[in-house]
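**Q** Chain residues, written in single-letter form:
There are 2 protein chains.
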Amino acid sequence: MYRTNTCGELRISDAGKEVTLSGWVQRSRKMGGMTFLDLRDRYGITQLVFNEADDAALCGEANKLGREYCIQVKGTVSERQSKNSKIPTGDIEIIAKELKVLSPSLTPPFTIEDNTDGGDDLRMKYRYLDLRREAVRKNLELRHRMTILIRNFLDAQQFIEVETPVLIGSTPEGARDFVVPSRMNPGQFYALPQSPQTLKQLLMVAGFDRYFQIAKCFRDEDLRADRQPEFTQIDCEMSFVDQDDVINLFEEMARHLFREIRGVELPRLEQMTWHEAMKRFGSDKPDLRFGMEFVELMDDLKGTGTFSVFNEADYIGGIVVPGCADYSRKQLNELTDFVKRPQVGAQGLVFIKYNADGTAKSSIDKFYTPGQLQKVKETTGAKDGDLVLILSGDNANKTRVQLCSLRLEMGNRLGLRDRNVFRCLWIVDFPLFEWSDEEQRLMATHHPFTMPNPDDIPLLDEHPEQVRAKAYDFVCNGIEVGGGSLRIHDTQLQEKMFEVLGFTPERAEAQFGFLMNAFKYGAPPHAGLAFGLDRFVSILAGLDSIRDCIAFPKNNSGRDVMLEAPSSIDQKQLDELEIKLDLKN
Amino acid sequence: MYRTNTCGELRISDAGKEVTLSGWVQRSRKMGGMTFLDLRDRYGITQLVFNEADDAALCGEANKLGREYCIQVKGTVSERQSKNSKIPTGDIEIIAKELKVLSPSLTPPFTIEDNTDGGDDLRMKYRYLDLRREAVRKNLELRHRMTILIRNFLDAQQFIEVETPVLIGSTPEGARDFVVPSRMNPGQFYALPQSPQTLKQLLMVAGFDRYFQIAKCFRDEDLRADRQPEFTQIDCEMSFVDQDDVINLFEEMARHLFREIRGVELPRLEQMTWHEAMKRFGSDKPDLRFGMEFVELMDDLKGTGTFSVFNEADYIGGIVVPGCADYSRKQLNELTDFVKRPQVGAQGLVFIKYNADGTAKSSIDKFYTPGQLQKVKETTGAKDGDLVLILSGDNANKTRVQLCSLRLEMGNRLGLRDRNVFRCLWIVDFPLFEWSDEEQRLMATHHPFTMPNPDDIPLLDEHPEQVRAKAYDFVCNGIEVGGGSLRIHDTQLQEKMFEVLGFTPERAEAQFGFLMNAFKYGAPPHAGLAFGLDRFVSILAGLDSIRDCIAFPKNNSGRDVMLEAPSSIDQKQLDELEIKLDLKN
Numbered sequence: 320m321y322r323t324n325t326c327g328e329l330r331i332s333d334a335g336k337e338v339t340l341s342g343w344v345q346r347s348r349k350m351g352g353m354t355f356l357d358l359r360d361r362y363g364i365t366q367l368v369f370n371e372a373d374d375a376a377l378c379g380e381a382n383k384l385g386r387e388y389c390i391q392v393k394g395t396v397s398e399r400q401s402k403n404s405k406i407p408t409g410d411i412e413i414i415a416k417e418l419k420v421l422s423p424s425l426t427p428p429f430t431i432e433d434n435t436d437g438g439d440d441l442r443m444k445y446r447y448l449d450l451r452r453e454a455v456r457k458n459l460e461l462r463h464r465m466t467i468l469i470r471n472f473l474d475a476q477q478f479i480e481v482e483t484p485v486l487i488g489s490t491p492e493g494a495r496d497f498v499v500p501s502r503m504n505p506g507q508f509y510a511l512p513q514s515p516q517t518l519k520q521l522l523m524v525a526g527f528d529r530y531f532q533i534a535k536c537f538r539d540e541d542l543r544a545d546r547q548p549e550f551t552q553i554d555c556e557m558s559f560v561d562q563d564d565v566i567n568l569f570e571e572m573a574r575h576l577f578r579e580i581r582g583v584e585l586p587r588l589e590q591m592t593w594h595e596a597m598k599r600f601g602s603d604k605p606d607l608r609f610g611m612e613f614v615e616l617m618d619d620l621k622g623t624g625t626f627s628v629f630n631e632a633d634y635i636g637g638i639v640v641p642g643c644a645d646y647s648r649k650q651l652n653e654l655t656d657f658v659k660r661p662q663v664g665a666q667g668l669v670f671i672k673y674n675a676d677g678t679a680k681s682s683i684d685k686f687y688t689p690g691q692l693q694k695v696k697e698t699t700g701a702k703d704g705d706l707v708l709i710l711s712g713d714n715a716n717k718t719r720v721q722l723c724s725l726r727l728e729m730g731n732r733l734g735l736r737d738r739n740v741f742r743c744l745w746i747v748d749f750p751l752f753e754w755s756d757e758e759q760r761l762m763a764t765h766h767p768f769t770m771p772n773p774d775d776i777p778l779l780d781e782h783p784e785q786v787r788a789k790a791y792d793f794v795c796n797g798i799e800v801g802g803g804s805l806r807i808h809d810t811q812l813q814e815k816m817f818e819v820l821g822f823t824p825e826r827a828e829a830q831f832g833f834l835m836n837a838f839k840y841g842a843p844p845h846a847g848l849a850f851g852l853d854r855f856v857s858i859l860a861g862l863d864s865i866r867d868c869i870a871f872p873k874n875n876s877g878r879d880v881m882l883e884a885p886s887s888i889d890q891k892q893l894d895e896l897e898i899k900l901d902l903k904n
Numbered sequence: 320m321y322r323t324n325t326c327g328e329l330r331i332s333d334a335g336k337e338v339t340l341s342g343w344v345q346r347s348r349k350m351g352g353m354t355f356l357d358l359r360d361r362y363g364i365t366q367l368v369f370n371e372a373d374d375a376a377l378c379g380e381a382n383k384l385g386r387e388y389c390i391q392v393k394g395t396v397s398e399r400q401s402k403n404s405k406i407p408t409g410d411i412e413i414i415a416k417e418l419k420v421l422s423p424s425l426t427p428p429f430t431i432e433d434n435t436d437g438g439d440d441l442r443m444k445y446r447y448l449d450l451r452r453e454a455v456r457k458n459l460e461l462r463h464r465m466t467i468l469i470r471n472f473l474d475a476q477q478f479i480e481v482e483t484p485v486l487i488g489s490t491p492e493g494a495r496d497f498v499v500p501s502r503m504n505p506g507q508f509y510a511l512p513q514s515p516q517t518l519k520q521l522l523m524v525a526g527f528d529r530y531f532q533i534a535k536c537f538r539d540e541d542l543r544a545d546r547q548p549e550f551t552q553i554d555c556e557m558s559f560v561d562q563d564d565v566i567n568l569f570e571e572m573a574r575h576l577f578r579e580i581r582g583v584e585l586p587r588l589e590q591m592t593w594h595e596a597m598k599r600f601g602s603d604k605p606d607l608r609f610g611m612e613f614v615e616l617m618d619d620l621k622g623t624g625t626f627s628v629f630n631e632a633d634y635i636g637g638i639v640v641p642g643c644a645d646y647s648r649k650q651l652n653e654l655t656d657f658v659k660r661p662q663v664g665a666q667g668l669v670f671i672k673y674n675a676d677g678t679a680k681s682s683i684d685k686f687y688t689p690g691q692l693q694k695v696k697e698t699t700g701a702k703d704g705d706l707v708l709i710l711s712g713d714n715a716n717k718t719r720v721q722l723c724s725l726r727l728e729m730g731n732r733l734g735l736r737d738r739n740v741f742r743c744l745w746i747v748d749f750p751l752f753e754w755s756d757e758e759q760r761l762m763a764t765h766h767p768f769t770m771p772n773p774d775d776i777p778l779l780d781e782h783p784e785q786v787r788a789k790a791y792d793f794v795c796n797g798i799e800v801g802g803g804s805l806r807i808h809d810t811q812l813q814e815k816m817f818e819v820l821g822f823t824p825e826r827a828e829a830q831f832g833f834l835m836n837a838f839k840y841g842a843p844p845h846a847g848l849a850f851g852l853d854r855f856v857s858i859l860a861g862l863d864s865i866r867d868c869i870a871f872p873k874n875n876s877g878r879d880v881m882l883e884a885p886s887s888i889d890q891k892q893l894d895e896l897e898i899k900l901d902l903k904n
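Protein chains in written order, with my numbering: chain B, 320 to 904; chain X, 320 to 904.
Worth double-checking, as some hints may not be accurate.
In this list, chains with the same sequence are indistinguishable; a pair is considered to hold if it fits within one copy or across any two.
[As the list claims (entries may be wrong)] Simulated crosslink set (EDC-like; lysine to aspartate or glutamate; CA at most 20 Å straight-line):
(1) K694 x D684
(2) K336 x E417
(3) K696 x E371
(4) K457 x D867
(5) K891 x E757
(6) K903 x E380
(7) K694 x E612
If you're looking for bench data, these hints aren't it; they were derived computationally from the structure.
Input sequences plus hints: build the corresponding full structure.
**A** Written out as structure tokens, the structure is:
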């Protein structure tokens, strides 16, 4: 038997017991003929004591142990002289009697502490050591706990988890698929699912009524900071429901998770239309942890002064930054540089300081009268001591998106984006389509199976850009955590959607014929939603990146540097698959 | 609102209520001015009544509904005149007042009944209709219930579910990998995991202590009846445990599942060595639902008579088939044909009938004296009226495997393999290696990470074929449901294993360097096990095939005939991946 107890469970009430523990050497120190050793496992840390006076040989062995040696120790639980109130086992120690090295360790390439000295690359290469750090491990424990809570919640709501296949067909609409050559069907390929979207809709046609799956999804896209080629969705679908049914049920699930994981009670969530969110926050995922809502200033500033930039603008909007009228020239220059970065893309930044003494000082003093600036103060509701930051441009929504970046930057600077505060809401009434500059055509904002708002169906032919979708996103702290929609369940309407999206009937049939055919056999009205599990975990864990809640993430080149994957494969494998390399370089 | 109730929940106590139901038309019949319609959803069937006298127009609409129309009905719950005790809603019916067609249906290509008229191919092409059949849907409901039970059981035992990546590196040892070309790393490929074996071992090195995952696994093998290219494992690993710890814990899990799902109380399970299982049943997965254990007859029949086949044999073994001494010539010929089939591969079959009158009649009467046949009766324990079937051959284990096929065939013929009876056991002490005729070398019986029995380690160099593994399989009703082993956690021993398996150190390093490197940092003793979820579900559901407990299975060519996957992909996709087709035909 390797252990009678874990390193996290012995207490003062166990004093006197003979125990066996196994674990890793966290650290050791010598003090007055004694060696103290912290033994660590997943459950905690227990102090071991080796007394030179009692057993010099044993103590000598203990002194030879290096960090991260895996050892087994037998001894007696004893009350500590100097207790450590920071850990649950801090009242006791083990007076060691026997010691066995189960497995020695080389010196780890970085320290196994919450604040490690290992850089990202080293940590990923030795991920099995990185995962020994409590700071990382607890994220994966939280992830496990969340999935248990989610499954039991949905099970109680009569949802059935159904595994859908990972080897499916390729659908060029949407992101790029990962593909898998089929050896048994040479020249043909499976694709890995970007989501189980069509399969879950088929389960609704099959009468499953309430489906969910915590499902791996795959997208072969160029990776940005917070993207992984494989990620996990909490994927759900329901029949015979309307938008409010879905929203209510999954809001309740979110409430359950916030309560159980963080002890936070979410209020009934606001539903904000996409248009309102864009107008007030310049984003379809507004961060509501702080104010600084947009104030439109067209009436105050366009055509009222001699500033040609404003006079030619189609949108002028500002935010009130409270208490920052004392910003220095240097700070304002930093903000100007910030908005001019290519990622933001604004031409320049206008500021108005409303000083404590009631005067105003701005970058547009020469174009506007003090009275006009006072008018802006009234419109924006700025107070003495506040700073107003203004952007303008010839495309209202583009400018709003720039102003959103500035607002979030100010939130960061003022420490208003507290990771322990959670502000969630629903965004509704998305536009059904959005224009793609790249493809020069309308694309589905969500996906081609989204139900148009019935009131807007007459607009499909003439004004598709005005059609609202029966779609909803769950947003928390400025992050889109989930999203879904009512689905089309009618063959004709689905065909119409493909037509507006520029599909020929042949292409629609080739790609989605199986779904449109299924709709001909009594398809029920249905709707669904998917949460990004990685994002949901990272929010509840207070993490910046989803990477820290994934056991073995890939880097920005899609590589697993620990496994050294991807890698070249044998010619025999290529031959069997009847493919060959066609390298450009 | 689409419904106030499901089709499975209304009872006599609801009589008088106004309700709204939604579902599918299962069947309808007209009787004396009334139309009766069975409305079906996942939860049950409720009878609707349309009375021509009350509302002729509504009744006319109801008469127009075809099978599988998806409809919504409002009406009043009413006590039935002729109750149907077979269904929970059989005491009531709904007097319909309003009817709305939510979605019409074409005539389904097969009937949506437990016993459908659809063949396999048609059912798979229209799987979304096939899944409407209760007989199929209940298997997936059972699968869901099992995974909930498993997860909560393991969670209570401190196991953490960790998602390991699906895009990993290719390892040519073992079955054939599915591979995924990497666009960002041209010429390189990911592989889909055959199991998370090495990753779960790394999680043990990482100190996770108890890991599990219900994980999709992939093998690109030619498909046999009960194989799927993608399948699901309940994958588990534990640190600081010995074989008995693992066996006890997972036996308890199995006991929990049999109890909760089938109401069956499993006894403490027998542990049978591989050698004993081969000797008594000719199989490492013996079906213990019936007897007919092997009796070795070398002493009785080799060299004692003039039958050259037996005199030259290295193994002669028989089974006693109770009460079958009256088998006809035709029946015995069928059995001879059965054992001579290429799948079984025996040369011939010898029988001895021990007649009710005490005489014996055999196919070897001319080679042996009646006394010698009487001796066989004593050795086998056959009684008057029993039939003894005997096989012989020059390779003991090969002959035993043939005799195993015959034993199972007799079990089938005599109805002894009852799907509602469960006989489970553990098989232990597997040989660590097995000889591969194809590869002309020793292969790992399980995988190269399996711990040799410490007593046998001295045999590794000279007699590797005699080395026993610390491995164990969970067998139920002749099916291997799970298996696992203690793992090597020592770099040197792991290197030795690769050496015996004929790996060069370079190849071992290239393929498994990451694991052997990890073992250098205080790897804990660890062990694990994986159950085949598909098989486990199919046993508990009483199914012949795993296909019926998979939502969207593939056929024997690895095709999903509903999705028409795999399929050809665009030239653009191939170009981006920098591969091209290299078709042989």
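**Q** Determine for every hint whether it applies to the structure shown.
**A** Evaluation of the provided hints:
Proximity of K694 and D684 under a CA criterion of 20 Å is satisfied intra-copy only: 14 Å inside one chain copy versus 119 Å between copies. For a Cα distance limit of 20 Å, the shortest separation of K336 from E417 inside one copy, 15 Å, qualifies, whereas the shortest one across copies, 74 Å, does not. Taking identical chains as interchangeable, the C-alpha atoms of K696 and E371 are never at most 20 Å apart, the minima being 76 Å within one chain and 73 Å between chains. In the homo-oligomer, the alpha carbons of K457 and D867 lie at most 20 Å apart inside one protomer (10 Å), although the nearest pairing across protomers, at 39 Å, exceeds that limit.
When the C-alpha separation of K891 and E757 is checked against a cutoff of 20 Å, the pair qualifies only between copies, where the shortest distance is 17 Å, while the shortest distance within a copy is 40 Å. In the homo-oligomer, the alpha carbons of K903 and E380 never lie at most 20 Å apart, since the shortest distance is 59 Å inside one protomer and 65 Å across protomers. For the identical chains of this complex, K694 and E612 are intra-copy neighbours only, at 18 Å inside a copy versus 99 Å across copies, given an alpha-carbon limit of 20 Å.
Checked against the numbered hints above, the structure breaks hints 3 and 6 and satisfies the rest.
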